[in-house]
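> Spelled out, the chains give:
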Amino acid sequence: MPLNSREKILAAVKKNQPPLEPLPAATAIVPIQFDNPLEKFKSVLEGIGGVVLQVNDLLQVAAYVNNSFKEGNKYVTTIASLTDVDQVDHSAKAHTLEDVEVAIMAADFAVAENGAVFITASSLKTRALPFICQHLVVLLPQHEIVHTMHQAYERIGAATYDYAVFIAGPSKTADIEQSLVLGAHGPKTMTVCLLADNYLPNR
Amino acid sequence: MQTHNNHAALSEVFNKDEERVNWHDETLWWVRQKRDKAAWTLPEWEQLREAASKIKMNTLSDLNAYLKEFEKNAQRNGIIVHWAIDSQEHNAIVHSILQKHQVTEIVKSKSMLTEECHLNEYLAAQGIDVVDTDLGERIVQLAGEAPSHIVLPCIHKKKEEIGELFHVHLGTPAGNADPQLLTNAARLHLREKFLSRRIAITGVNFAVAETGEFVVCTNEGNADMGAHLADVHIACMGIEKLIPQRKHLGVFLRLLARSATGQPITTYSSHFSKPQPGQEIHIILVDNQRSTQLGREDFRNSLKCIRCGACMNTCPVYRRSGGHSYHTAIAGPIGAILAPNLNMKDNADLPFASTLCGSCSNVCPVKIDIHTQLYKWRQVITQEGYSPAGKTAAMKLMAVTLSKPGLYRLAGKAGRWCIRHLPFLVNNRLNPWYKQREMPAAPEQSFATWYKKNRPAEKK
Numbered sequence: 000m001p002l003n004s005r006e007k008i009l010a011a012v013k014k015n016q017p018p019l020e021p022l023p024a025a026t027a028i029v030p031i032q033f034d035n036p037l038e039k040f041k042s043v044l045e046g047i048g049g050v051v052l053q054v055n056d057l058l059q060v061a062a063y064v065n066n067s068f069k070e071g072n073k074y075v076t077t078i079a080s081l082t083d084v085d086q087v088d089h090s091a092k093a094h095t096l097e098d099v100e101v102a103i104m105a106a107d108f109a110v111a112e113n114g115a116v117f118i119t120a121s122s123l124k125t126r127a128l129p130f131i132c133q134h135l136v137v138l139l140p141q142h143e144i145v146h147t148m149h150q151a152y153e154r155i156g157a158a159t160y161d162y163a164v165f166i167a168g169p170s171k172t173a174d175i176e177q178s179l180v181l182g183a184h185g186p187k188t189m190t191v192c193l194l195a196d197n198y199l200p201n202r
Numbered sequence: 000m001q002t003h004n005n006h007a008a009l010s011e012v013f014n015k016d017e018e019r020v021n022w023h024d025e026t027l028w029w030v031r032q033k034r035d036k037a038a039w040t041l042p043e044w045e046q047l048r049e050a051a052s053k054i055k056m057n058t059l060s061d062l063n064a065y066l067k068e069f070e071k072n073a074q075r076n077g078i079i080v081h082w083a084i085d086s087q088e089h090n091a092i093v094h095s096i097l098q099k100h101q102v103t104e105i106v107k108s109k110s111m112l113t114e115e116c117h118l119n120e121y122l123a124a125q126g127i128d129v130v131d132t133d134l135g136e137r138i139v140q141l142a143g144e145a146p147s148h149i150v151l152p153c154i155h156k157k158k159e160e161i162g163e164l165f166h167v168h169l170g171t172p173a174g175n176a177d178p179q180l181l182t183n184a185a186r187l188h189l190r191e192k193f194l195s196r197r198i199a200i201t202g203v204n205f206a207v208a209e210t211g212e213f214v215v216c217t218n219e220g221n222a223d224m225g226a227h228l229a230d231v232h233i234a235c236m237g238i239e240k241l242i243p244q245r246k247h248l249g250v251f252l253r254l255l256a257r258s259a260t261g262q263p264i265t266t267y268s269s270h271f272s273k274p275q276p277g278q279e280i281h282i283i284l285v286d287n288q289r290s291t292q293l294g295r296e297d298f299r300n301s302l303k304c305i306r307c308g309a310c311m312n313t314c315p316v317y318r319r320s321g322g323h324s325y326h327t328a329i330a331g332p333i334g335a336i337l338a339p340n341l342n343m344k345d346n347a348d349l350p351f352a353s354t355l356c357g358s359c360s361n362v363c364p365v366k367i368d369i370h371t372q373l374y375k376w377r378q379v380i381t382q383e384g385y386s387p388a389g390k391t392a393a394m395k396l397m398a399v400t401l402s403k404p405g406l407y408r409l410a411g412k413a414g415r416w417c418i419r420h421l422p423f424l425v426n427n428r429l430n431p432w433y434k435q436r437e438m439p440a441a442p443e444q445s446f447a448t449w450y451k452k453n454r455p456a457e458k459k
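Top line first, the protein sequences correspond to chains A and D. Note that numbering that gives the first Met the number 0 numbers the first sequence so that position 145 is 144, with each residue one more than the last. Note that numbering that gives the first Met the number 0 numbers the second sequence so that position 299 is 298, with each residue one more than the last.
Just chain D, same shape as in the assembly (with noise of 0.2 Å):
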């Protein structure tokens, strides 16, 4: 667990080695390009975005009668279906179900609402040893840290720095940065846990109310070879992550990995339907507010979230700020307008971590309007009064000086006359302007002077 602090603050640590923030940046967006490579090959890509996005505006719409359907069928399906109001809840049923069959060591593949819940804190504080077995969340999880992209955990590591992680925690020889040989130590050790752990944790990427089964989306394989080793499977899904029906798999898993990483479809989309003979499986429906989110007009639409993570390769801050500097489990702009509601005061800076360029907006599979989004937080955020103090005292000195024509005049001059005969005044670390750039060199005269000199003759 990182410590809370703002986005601002935060950037700055990520900030401090310019070389990583130039590589981190490179990567997203080559991950950006293959995204765009791959839409541009299916002439149905607007028509397969505006249906997904029907789909679930569908489907919000009527989430009451499509959970009671989707439980139904789940239960008739042989499965175990339980409701979680908040994340406690959601960890104890978690940890029920470990100690009813007196487990106390398990795997989890992804699920970015057990982030949300902090369950593998809550489970440690169990006495419960959980094993991550995405790669990338093995790595920052060996490395004591949270992901820091919703579907590549560790971009921001550098491959020497895994290499010391594995050399320290797998026996790697030390100094080596192979991908191909820190993957295949990951895989025999983690081999061993699939093989030994009897309860696999996954999350779920869709579930359907037609017919009771979810769906999961791994490329590494993880998800299932902890599912189908093991004794109990639990899936830990939002109650957001349902579809009406099995066909608009199709509508979803198109744009999935599209979207995500480029990809035609990740390598195994797994359909869970009925238990193994023997085996159990369970699945945890949580709220955690987002039947509040919900009832905001303005936000319900981030519901509609796949967790992609198009909006954060595409995004110009994300890219350079890294995705630790949004202090909560899903970073860049859709986790900027999901955490508010989750907590408005911890998360107040968020929407104000975006330049509202509306890239986001633009990639999104499932078209969320994020950037106006992000704009419409700023504005609850400030009228229930959790604007950071700094940005609310700025904004209150320009308003003034912009409505006094005196003022403003006076205040350009100073401005201009500052930048030329005291430039230390401006060019210092006080001016957040001044951050990785050069101010500008101040102009001859300000405008209204210009104009004053070079307009042409009024008619008469």
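Chain A with its partners taken away, still in its complex shape (with noise of 0.2 Å):
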């Protein structure tokens, strides 16, 4: 019988791939640490186009939003306790939420050394939102942030997910001229609210 595809690739790697070499130790690599991760966080996030505020409640999130994007437009949130927004319709189509002017949604944590935010598919449910929406707000207890990317992925761990992503502040392009254009094809504009400490968000 004829070797199938997948059956010579794989013949043709086995011959000819190298002896084994063995992975890096874990202790290879010594990454830097913040003296203040919330700062840094803030500083690098602001630096690539994103807007951050230290919040003490959800009224305050609500109050931000109100103030800060055209009124009568299309808000929505997946975030239960914040009543004041409407709530993604999570069994219509993604394309619906072509006119969403504003999402605000939860992240697990943030990475202070390149100000990206990281949120799974269960607290989205709608993978779509923070992409087609034209204005991103975020909600993050602001204890939440790692140093770097390393200790992102050990508080990942082995945890599983159906889609998983980091966003670092607002869609952009440069590729005209290297001039850079906030508003690619998603977000706007991305606000991180900063949940002040002795806030416990019931989501």
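One or more of the hints may lead you astray.
Simulated coverage check for chain A against chain D, where a stretch passes if three residues somewhere in it have a Cβ under 8 Å from a Cβ of chain D [stated by the list, open to error]: (1) 21-30; (2) 93-103; (3) 167-179.
Just so you know, these hints were derived from the structure itself, not from any lab. Even glycine gets a Cβ: it sits at the ideal position worked out from N, Cα and C.
Both chains are sitting in their own frames, so use the hints and assemble them into the complex.
What follows is the structure, given as structure tokens:
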């Protein structure tokens, strides 16, 4: 019987791969530690076009959204306790979110070195939401900031997720003569609301 | 598609517009400087490069097992896995998925593999409409060109040219070249495509054997817009894109964007593990002679490449000759060591398109010995009889001259005399050393003559 492509590729790879080389030791990298990861996160995210806001409760988040964006537009959230804002209808096709002006969602944690927040499908449900909205607002307890991506993956560990994404700032492009433009296909702005330590979100 | 030609001839075309060459050169150098700044913020930068290189070496040395592990885990996650031995099979698999779903219009985010396989041309011939959704790729697609850089596809284009293209194709106001306005026009144009097309193709930056997930990095969000709004997501990857474990993403995501553009990370690093309810995810694992390169001891390191483009931005030849002069999907130093594996005859000129200065190897985030490989490819190509005819003749003449001292002295004398008395013999277009530069003044005498006159008296 002739070999199929899978078998041919695997055989060619096996024949041509060099003798086994070990993985580097876990101690091979000594990652940078920041004196103040929260301040580092703020400065990096602001440096890449994000907005950082420190809030004490969800009322302040709702007030911020109402004051910052055009009235009468569609705001949606995936956070159940944010009762002032419409909940996302996950039963509808993602395409119906096309007219969403502001989407508000929760992140699991953030990374100081690059200003990214980590969001998984379990809190998102509709994966297109953080991309299709015009403006993205992310809620994050301010103590949930790790130093580097190494810590980020330590924290994620072997968790299972259907989909997960690190988001660092608004969607952007510099394809036209290296001129930075915010709002390529996704959100034109990204705001991270850092919730004070004494706040316990009941999401 | 551009017609095939050699690097030197195509560079000459690019070099006709000196102002544009200088602009291209400076723009890429600016990106290189951003990379340096980003790298210097991390004291552990060299540790990261070393670790990344070792992780990739381990991957390559156990690739057979990692591929099987990835396949098993991806299938367990509900992803459909395909294997393609070459570009034809890859393209046929994509087409068969489109046919199964009766789809003739698709969106595609950036994938250098699909460029390597000439997927767009193949699908166009089957009557399929492919819209590239990365802004830079859409621009070159509208212009009927190939990307000239793997990260910055239209780095060779002036905004005025893009304004004109958009005026013709997207109806933007004539003469308007404002990047903000043009980007917004593309945003509206492509949003309509994202919302209406049922199949999306993306590339893959990293695939994790341990978990069966794969990661796609973009700044624009176009991969996610395409994939999440489509019924079917087809992800195309070369088999060398694997990494062993999820935690290794920490190493590579720290290196990739810093090396590419000087950003701390791309805006989006999306981890695809399972399809959405009602959606299909397909992965096509493509060999296309990667397994051959794996067997070439001197060149297998090239398979570590994570496609950051740092070697292009730093390369004095790339910056001054433009990506299209490399006539391959992947330009620059890395392209010049990958392409001869795909077709040694057609790409025999590329390893010679280098000064061997080594800057590419110094910035490579996975420590590929690029300039050493360029040098080694030259030897392989010459041994196989593919070196450019002019170069072979010149080398033979030089070997004869250098082996006969009398002839060498005579040639030197003749050269100096010519430069002084018949400068038009050397200062002309037939002499490649004269291109873009003046010939130096001829010295009064040869070093040998000078030395004879000036050497200290020999001790008796």
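> So, for every hint listed, does it hold in this structure?
Hints versus structure:
| no. | hint | verdict |
| --- | --- | --- |
| 1 | 21-30 | holds (count 7) |
| 2 | 93-103 | holds (count 3) |
| 3 | 167-179 | holds (count 12) |
Consistency with the previously given hints is maintained throughout, with no hint failing.
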